[in-house]
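Chemist: Listed below are the residues making up each chain.
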Amino acid sequence: MNQLSGRVAVITDSNSGITQAQAKELGIRVLPMPFMIGEETYFEDITLTQEEFYERLEGGADMVTSQPSPESVLTLWKETLQEYDEIVHIPMSSGLSGSCQSALMLAGDFEGRVQVVNNQRISVTQRQSVLDALLLVKRGMSASEIKAFLEKDKFNSSIYIMLDTLYYLKKGGRITPAAAAIGTILRLKPVLQIQGERLDAFAKARTAGQGKSIMINAIRNDMENRFGGAHADNIWLEVAYTKDRETAEQFAQELLKEFPGFDMVINPLSLSVACHIGPGSLAVACCKKIR
Amino acid sequence: MTNTIDAKILAKMFLAGAKNLEAKKEWINDLNVFPVPDGDTGTNMTLTIMSAARDVAAMENPDMLSLCKAISSGSLRGARGNSGVILSQLFRGFTKSIRDKEELDIPVFADAFEKAVETAYKAVMKPKEGTILTVAKGASVRARELAKEGCDDLSVFFEEVIRYADEVLEQTPEMLPVLKQAGVVDSGGQGLMQVLKGAYDAFMGKELDLTIGGETTGASSAKASVNAQAEMEIKFGYCTEFIIMLSRNFNIKAEMDFKEYLESIGDSIVVVADDDVVKVHVHTNDPGLAIQKALKYGALSNLKIDNMRLEHQEKLFKAGQLPEQESPKEPMPHKEVGFIAVSVGDGINEIFKGLGVDHIIEGGQTMNPSTEDMLNAIEQVNADTVFIFPNNKNIILAANQAQMMVKDKKIVVVPTKTVPQGITAIINYVPDLTAEENAETMSGEMSNVKTGQVTYAVRDTVIDDKEIKQGDYMGIGDSGILSVGEDVADVTFRMVQEMMNEELELISIYYGEEIREDAAQGLKARIQEAFPSCDIELQYGGQPIYYYIISAE
Chain C
1 MNQLSGRVAV ITDSNSGITQ AQAKELGIRV LPMPFMIGEE TYFEDITLTQ EEFYERLEGG
61 ADMVTSQPSP ESVLTLWKET LQEYDEIVHI PMSSGLSGSC QSALMLAGDF EGRVQVVNNQ
121 RISVTQRQSV LDALLLVKRG MSASEIKAFL EKDKFNSSIY IMLDTLYYLK KGGRITPAAA
181 AIGTILRLKP VLQIQGERLD AFAKARTAGQ GKSIMINAIR NDMENRFGGA HADNIWLEVA
241 YTKDRETAEQ FAQELLKEFP GFDMVINPLS LSVACHIGPG SLAVACCKKI R
Chain F
1 MTNTIDAKIL AKMFLAGAKN LEAKKEWIND LNVFPVPDGD TGTNMTLTIM SAARDVAAME
61 NPDMLSLCKA ISSGSLRGAR GNSGVILSQL FRGFTKSIRD KEELDIPVFA DAFEKAVETA
121 YKAVMKPKEG TILTVAKGAS VRARELAKEG CDDLSVFFEE VIRYADEVLE QTPEMLPVLK
181 QAGVVDSGGQ GLMQVLKGAY DAFMGKELDL TIGGETTGAS SAKASVNAQA EMEIKFGYCT
241 EFIIMLSRNF NIKAEMDFKE YLESIGDSIV VVADDDVVKV HVHTNDPGLA IQKALKYGAL
301 SNLKIDNMRL EHQEKLFKAG QLPEQESPKE PMPHKEVGFI AVSVGDGINE IFKGLGVDHI
361 IEGGQTMNPS TEDMLNAIEQ VNADTVFIFP NNKNIILAAN QAQMMVKDKK IVVVPTKTVP
421 QGITAIINYV PDLTAEENAE TMSGEMSNVK TGQVTYAVRD TVIDDKEIKQ GDYMGIGDSG
481 ILSVGEDVAD VTFRMVQEMM NEELELISIY YGEEIREDAA QGLKARIQEA FPSCDIELQY
541 GGQPIYYYII SAE
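Those protein sequences? They're chains C and F, same order as listed.
Letter 250 of the first sequence, counting from 1, is numbered 250 in my numbering, and no numbers are missing.
Letter 37 of the second sequence, counting from 1, is numbered 37 in my numbering, and no numbers are missing.
FYI, nobody ran anything at the bench for these hints, they're computed from the structure.
There may be inaccurate statements among the hints.
[As the list claims (entries may be wrong)] Only some residues are given here: those of chain F computed to face chain C with a beta carbon under 8 Å:
1. I351
2. G354
3. T441
4. D465
5. E537
[Unchecked claim] Residues from chain C that keep clear of chain F, each with C-beta distances beyond 10 Å, as calculated:
6. K24
7. E25
8. E58
9. F110
10. T207
11. I214
12. N217
13. A218
14. R245
15. E246
16. E254
17. G261
18. D263
19. P279
[Claimed, not checked] A few chain C residues that face chain F, going by a derived Cβ cut-off under 8 Å, partial list only:
20. A23
21. G27
22. F43
23. I185
24. L186
25. K204
26. R206
27. G209
28. Q250
29. A252
30. K288
31. I290
Yeah, the Cβ is synthetic: ideal placement off N, Cα and C, and Gly gets one too.
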């Protein structure tokens with residue numbers, strides 16, 4: 001925490017893909033997302049590893065994600081505020097979870113010292129928001145200025161995810177509009193997109209090769225038409241995956257051929273996303289670099 | 001000595017040409033290089049020219065302009081298959097050049113032949129020599145020479161043009177190796193010669209029967225039920241018939257519901273249930289609705305849909321009354337983008353519908369839909385932009401021709417040559433992209449799909465250095481015959497082996513109506529064992545004539 005000797009702390013949840021260990025290095029706090037498997041509650045990266053998670057998921061376990069309990073949120077904030085003057089809290093997208101709504105409500109009692117950022121990020125783009133927030137803290141911005149900045153910037157990110165199967169999406173029942181748009185007797189790999197609040201069906205592919213080229217074209221299109229051009233100094237490029245790191249690394253190599261010289265991060269998707277889309281998913285995301 | 005002809009003689013010559021082509025169509029069908037039980041050049045060209053001949057036959061004392069219009073628009077609408085489309089373009093160019101003339105002499109004919117050839121070459125993306133185009137060009141070159149030499153006897157002119165074009169036709173095997181190996185001349189070129197020869201006979205005053213039959217659409221018999229009263233106004237335009245092979249209980253209640261539904265969309269309803277099939281007949285403006293409803297009860301067979309307005313119009317035309325254009329109502333809700341696929345086989349049709357296809361044109365190898373079939377489908381699909389997937393290389397030109405004829409909608413022809421290419425193309429459609437971007441993506445992805453199709457040989461031949469006997473099974477790939485033999489599973493398996501390479505991830509097997517599911521399962525297991533790293537997907541296609549359609553991508 002030494003490098004963060006300023007007045008503003010940054011907090012996020014484990015959906016950002018930032019592990020507890022990485023959080024220590026960055027000088028931030030990460031709220032673990034809870035899971036219910038059967039009767040038992042687990043916490044991502046604390047009482048449940050990625051390996052254990054996929055073993056249970058593929059074994060057919062019924063998994064339910066939930067929000068961090070209000071108590072855990074309040075405790076973390078109170079602890080943090082002993083050391084810091086203000087908190088920037090960056091939860092997962094309000095389009096995908098009620099965590100943000102709850103946090104906004106809880107923050108009402110802190111007289112502006114806790115600023116909850118509602119910028120609709122998830123996974124690698126949420127992680128980038130955290131890094132951006134740290135940069136803004138260094139620049140001397142207050143928590144409310146950072147919140148305003150990040151919320152203004154919220155649409156400057158884009159995610160495409162190719163699923164290996166529709167099974168988990170259907171099983172979870174949570175993302176039905178996206179699943180319902182793809183009804184056919186052929187086995188397809190759906191490609192979903194996250195733009196702001198919206199998680200939607202984007203396209204479909206028959207093979208992983210087709211899916212990857214659909215995602216590459218889509219992300220290039222976003223860079224050129226929405227984020228001011230596909231230039232390395234303008235865009236962060238990110239790859240995320242569920243379970244299969246090797247495939248993700250291979251995909252990252254293919255992306256770097258398409259986008260040479262780009263900064264690239266490869267991260268596992270957080271478990272609360274993974275339990276809805278299943279193993280073998282592959283995602284590409286990009287965020288516009290902040291000035 | 002005759003040195004000019006008028007519209008009346010030209011009309012007679014055109015009809016005689018059409019009749020002669022029709023008489024020789026089976027013989028021309030046999031000239032097809034691939035001994036497959038379809039892809040019939042003679043049939044396609046005949047249907048194309050007959051579409052115009054019916055209009056011409058209905059005219060009494062035609063003037064040049066209306067004769068030209070009838071020939072041009074009739075053949076453009078009726079065009080089927082590549083050779084049919086090229087023939088229609090030859091007529092289009094030819095008539096464009098003469099439409100303002102009262103009488104035709106040799107220099108005018110020379111100009112018209114040249115214009116015809118120029119127009120036809122333009123209609124084909126990559127013109128190939130050794131085809132109907134080459135024969136037409138031969139005729140026009142000789143015509144120009146004769147005109148320059150000052151020939152002024154039309155009988156000499158025609159005879160000499162035909163003689164020379166025949167010589168060119170005899171040369172086609174030297175230009176296209178596949179023709180040489182199969183020991184045939186080009187079938188489209190031969191079709192053109194038959195038109196020219198028939199026309200010449202008429203010019204020479206041979207006694208010919210020039211009555212044109214009204215019925216040319218494939219194998220249909222029960223069309224007599226269509227009301228022939230000339231003054232009748234048709235309220236529901238499509239005579240729709242099919243048989244439901246029941247997969248669900250069809251009790252009295254279901255029958256009543258189904259009839260009631262049909263009554264809400266049409267009239268002349270017949271629903272006859274018999275154990276496990278139901279025969280259905282309805283006149284409606286939206287056959288798709290009837291079909292969709294029927295699919296809830298089971299698979300469909302013996303589908304037949306006829307446009308009664310067009311037939312009606314033709315009868316009125318013959319009776320000398322000019323019909324008024326009437327457009328059928330469009331019950332389909334309006335959308336931005338619509339999809340039309342050419343397909344055959346209930347399983348494959350179902351797959352296309354599941355992928356979002358709005359309208360299926362029944363057809364494929366066995367029956368190439370005409371440009372007019374495309375135009376009707378386009379009219380039914382109530383969308384600003386319509387994508388067409390021809391799914392056969394012999395249908396792409398007819399689709400392109402339809403595209404050029406439609407003004408009020410944006411038509412995008414994705415040049416899919418096989419059903420699997422069509423499936424992959426439509427899967428890769430991305431709603432967020434523009435039509436142009438989609439056309440590009442879809443065309444790119446479809447070219448990564450390899451297709452193999454298994455059928456039987458209708459005669460002995462040699463292709464790609466493979467000797468084929470009548471009745472043999474053949475596995476046909478994207479660029480030729482991959483395997484031949486006497487066992488359908490073996491031939492299919494060897495075809496797949498030929499298709500595969502290391503980059504391919506997915507093999508899809510669509511089995512036809514004559515293949516039993518357990519046989520298809522057996523083949524799947526065999527392919528899976530040979531290619532353990534590939535995903536294999538087995539689907540019922542229900543297509544006729546092709547035992548298996550297989551794709552690898």
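Chemist: Take the hints in turn and mark each one as holding or not.
Modeler: To see whether the hints hold, each was checked on the structure:
| no. | hint | verdict |
| --- | --- | --- |
| 1 | I351 | holds (6 Å) |
| 2 | G354 | holds (4 Å) |
| 3 | T441 | holds (7 Å) |
| 4 | D465 | violated (33 Å) |
| 5 | E537 | holds (6 Å) |
| 6 | K24 | holds (40 Å) |
| 7 | E25 | holds (38 Å) |
| 8 | E58 | holds (18 Å) |
| 9 | F110 | holds (41 Å) |
| 10 | T207 | violated (5 Å) |
| 11 | I214 | violated (7 Å) |
| 12 | N217 | violated (7 Å) |
| 13 | A218 | violated (7 Å) |
| 14 | R245 | holds (20 Å) |
| 15 | E246 | holds (15 Å) |
| 16 | E254 | holds (14 Å) |
| 17 | G261 | holds (25 Å) |
| 18 | D263 | holds (26 Å) |
| 19 | P279 | holds (16 Å) |
| 20 | A23 | violated (36 Å) |
| 21 | G27 | violated (39 Å) |
| 22 | F43 | violated (36 Å) |
| 23 | I185 | holds (6 Å) |
| 24 | L186 | holds (6 Å) |
| 25 | K204 | holds (5 Å) |
| 26 | R206 | holds (6 Å) |
| 27 | G209 | holds (6 Å) |
| 28 | Q250 | violated (14 Å) |
| 29 | A252 | violated (19 Å) |
| 30 | K288 | violated (19 Å) |
| 31 | I290 | violated (26 Å) |
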